[in-house]
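One line per chain: the protein sequences are A and B, in this order.
According to full-length UniProt numbering, the first sequence holds residues 1 to 341 in order.
According to full-length UniProt numbering, the second sequence holds residues 1 to 233 in order.
Heads up, a few of these hints could be off.
Over the 12 Å line for every Cβ pair with chain A, so calculated as not near, a few chain B residues [unchecked claim]: (1) Leu28; (2) Thr82; (3) Pro100; (4) Asp127; (5) Phe130; (6) Val132; (7) Ala136; (8) Leu137; (9) Gly138; (10) Ala144; (11) Glu151; (12) Ala152; (13) Leu154; (14) Gly165; (15) Thr223; (16) Pro232.
One-sided and incomplete, this derived list gives chain A residues near chain B with beta-carbon spacing under 7 Å [stated by the list, open to error]: (17) Thr91; (18) Glu318; (19) Arg320.
By construction, these hints were calculated from the structure, which means they are not laboratory data.
Nothing here was measured: the structure is a model prediction, and the numbers come from that model.
Even for Gly, the Cβ is constructed at its ideal location relative to N, Cα and C.
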Amino acid sequence: MSAGIGCRDLRVHAGGRELLSVPELHVASGRTLAVLGPNGAGKSTLLRALGLLSGHRVSGRILLDGRPATRSTMRHAAVAVLQRPILRRGTVAANVISGLRFRGVGRREAYERAQPWMEALGLGPLAGRDARSLSIGEAQRVCITRALAVGPQVLLLDEPFTGLDSTTRADLLADLRAALTGRPTATILVTHDRQEAVALADDTALLIAGRIRQHGPTAEVLDHPGDTDTARLLGYTNLLPPALTGLARTLAARPEHTRLVLDELSGEGDGHTVTGTLRRTVALGIVTRVDVDTAAGPLTCLHPGDVPAAELPPPGAEVRVEVRHARELASAGRDEPAGVR
Amino acid sequence: MDVLFDGLAGAVALLLSGDEESWSIIALTLRISLTATAIALLIGVPLGAVVALTRFPGRRVVLAAANTGMGMPPVVVGLFVTVLLWRSGPLGGLGLLYTPSAMVIAQGAIATPIVVALVAAALQQVDPDFLVQMRALGATPARALAALLGEARLPLLAGAMAAFGAVVSEVGAAQMVGGNLAGQTRVLTTAAVLATSRGEFPLAIAFGLILLLLAFGVNLALTLIQQRRVVPR
Chain A
1 MSAGIGCRDL RVHAGGRELL SVPELHVASG RTLAVLGPNG AGKSTLLRAL GLLSGHRVSG
61 RILLDGRPAT RSTMRHAAVA VLQRPILRRG TVAANVISGL RFRGVGRREA YERAQPWMEA
121 LGLGPLAGRD ARSLSIGEAQ RVCITRALAV GPQVLLLDEP FTGLDSTTRA DLLADLRAAL
181 TGRPTATILV THDRQEAVAL ADDTALLIAG RIRQHGPTAE VLDHPGDTDT ARLLGYTNLL
241 PPALTGLART LAARPEHTRL VLDELSGEGD GHTVTGTLRR TVALGIVTRV DVDTAAGPLT
301 CLHPGDVPAA ELPPPGAEVR VEVRHARELA SAGRDEPAGV R
Chain B
1 MDVLFDGLAG AVALLLSGDE ESWSIIALTL RISLTATAIA LLIGVPLGAV VALTRFPGRR
61 VVLAAANTGM GMPPVVVGLF VTVLLWRSGP LGGLGLLYTP SAMVIAQGAI ATPIVVALVA
121 AALQQVDPDF LVQMRALGAT PARALAALLG EARLPLLAGA MAAFGAVVSE VGAAQMVGGN
181 LAGQTRVLTT AAVLATSRGE FPLAIAFGLI LLLLAFGVNL ALTLIQQRRV VPR
């Protein structure tokens with residue numbers, strides 16, 4: 001069987017409710033899977049179930065290298081990084097070696113093995129610091145280093161970049177990507193952020209309401225929403241139902257590809273044009289956001305910030321909206337009929 | 001004022017004289033209090049951990065009972081233990097009344113709720129995902145629990161100190177179940193009460209001072225463990 005981690009017929013129940021149902025999932029050694037989903041979709045539930053860390057009722061099989069995982073084999077193979085950095089009292093270095101120590105590695109050897117990872121993740125200068133004096137970004141960096149130092153077969157990351165400022169996050173993402181490259185580690189990253197999936201993951205699965213809706217190479221999945229739910233998750237928040245476009249299927253587009261037609265000469269490009277009533281314009285610095293109500297629901301346009309407000313029509317004006325790079329949705333979302341928001 | 005001064009001088013003299021009876025009282029006090037504290041920790045730490053870390057029906061009732069127990073009058077505990085151990089009582093056949101064992105039972109019963117309540121509070125203060133994170137790093141359940149106890153070391157040792165403080169200073173139950181028999185069940189508190197009632201103030205003050213020193217010594221040891229630095233300066 002193939003190396004890596006996976007599951008079959010995985011179901012998680014809590015309080016008589018099914019939180020998660022994943023018929024099959026596999027992440028091969030050396031690959032990274034991003035599980036992308038909105039809050040409450042069951043992402044952490046999935047991650048914890050895969051790591052045999054769940055406090056809920058879990059049924060189905062978790063597979064390590066194709067064989068059913070036991071607590072013991074999982075304990076040796078996998079390491080998880082949780083959303084909140086959880087460190088023990090003591091120095092940064094003592095925290096970084098704790099995964100190795102739990103695995104029975106002697107203190108001296110653990111320090112030796114952890115050293116290169118601390119250097120690679122930029123923790124060298126912090127080694128002797130009290131873990132309680134760290135910023136949240138530094139603490140999360142320690143948690144990730146602690147996980148990597150173990151040299152795990154399976155690395156489970158539960159939104160470890162949430163709450164970090166953008167610079168810290170970008171640096172840590174780059175360092176993690178560099179650290180994982182060329183390693184035989186099967187990594188699963190749970191996140192609600194597309195950019196993290198793009199930065200780290202070979203493959204992406206979209207998890208909504210406890211079900212995987214789409215799964216494939218990251219670039220493909222992120223650019224091809226299958227239904228209205230996944231469209232919204234992927235930033236295709238403007239939905240144009242058949243009634244509005246005359247097409248057979250609902251279209252979905254990103255706000256940054258949706259513009260008001262300000263000049264009669266434009267608006268005849270490759271996009272679709274629909275009419276509506278301008279509700280409001282909001283200057284957001286680098287862009288100006290324009291909300292338009294159409295017969296089938298609201299649309300959001302993002303104009304580059306250099307459009308002077310005076311050039312935009314006033315609220316209540318009849319406007320035409322051009323939608324470019326729209327994707328045809330294969331099906332409607334589960335929760336609602338196509339096109340109704 | 002003279003009484004107090006004479007008392008202090010007498011106390012120092014007694015301490016320095018190496019009086020055999022005094023030393024046996026000190027030794028018995030330490031033995032009973034430390035044994036009772038150890039038993040309270042043996043029962044209270046696991047129970048407190050279960051209350052803190054698991055969910056079961058009646059969990060909050062147990063916690064409320066432990067919190068109430070923290071303020072329970074020792075006389076009430078002494079009364080119940082006396083009744084239990086009375087010759088015609090349910091455990092009368094054991095013949096434990098007026099023995100050091102009876103005192104250990106009573107003082108253990110006083111200290112256990114303190115340990116349960118403070119351990120539960122200490123462990124609930126740690127991040128709820130701490131155990132999950134430790135297991136997710138490869139810790140066995142036992143190692144993860146040990147790490148959790150280490151993490152909560154400060155409040156846990158504060159709980160141990162509170163428990164020891166409660167039993168070493170306690171007089172009501174010790175008197176009731178021990179009977180203050182000279183050479184058998186006389187401890188510092190009951191000895192001090194007896195000396196005071198007889199007007200032997202130097203002796204009473206001496207016992208009081210020794211009691212204070214004893215409590216300070218044990219708490220100093222626990223505090224040094226508690227405040228041990230985990231991060232080098």
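Hint by hint, here is what the structure shows:
1. Leu28: Holds: least Cβ distance 38 Å, greater than 12 Å.
2. Thr82: Given that every Cβ of chain A is farther than 12 Å from that of threonine 82(B), nearest at about 44 Å, it holds.
3. Pro100: 39 Å, holds
4. Asp127: Incorrect as stated: the minimum Cβ-Cβ distance to chain A is 5 Å, not above 12 Å.
5. Phe130: Check fails; 6 Å does not lie beyond 12 Å.
6. Val132: 5 Å, violated
7. Ala136: 4 Å, violated
8. Leu137: 4 Å, violated
9. Gly138: At about 4 Å from chain A, glycine 138(B) fails to clear the 12 Å cut-off, so the statement is violated.
10. Ala144: 8 Å, violated
11. Glu151: Answer for glutamate 151(B): violated, closest chain A Cβ roughly 6 Å.
12. Ala152: 10 Å, violated
13. Leu154: 9 Å, violated
14. Gly165: 25 Å, holds
15. Thr223: 17 Å, holds
16. Pro232: 7 Å, violated
17. Thr91: Holds - the Cβ of threonine 91(A) comes within 7 Å of chain B, reaching about 5 Å at its closest.
18. Glu318: 54 Å, violated
19. Arg320: This interface hint is violated because 52 Å lies over the 7 Å limit.
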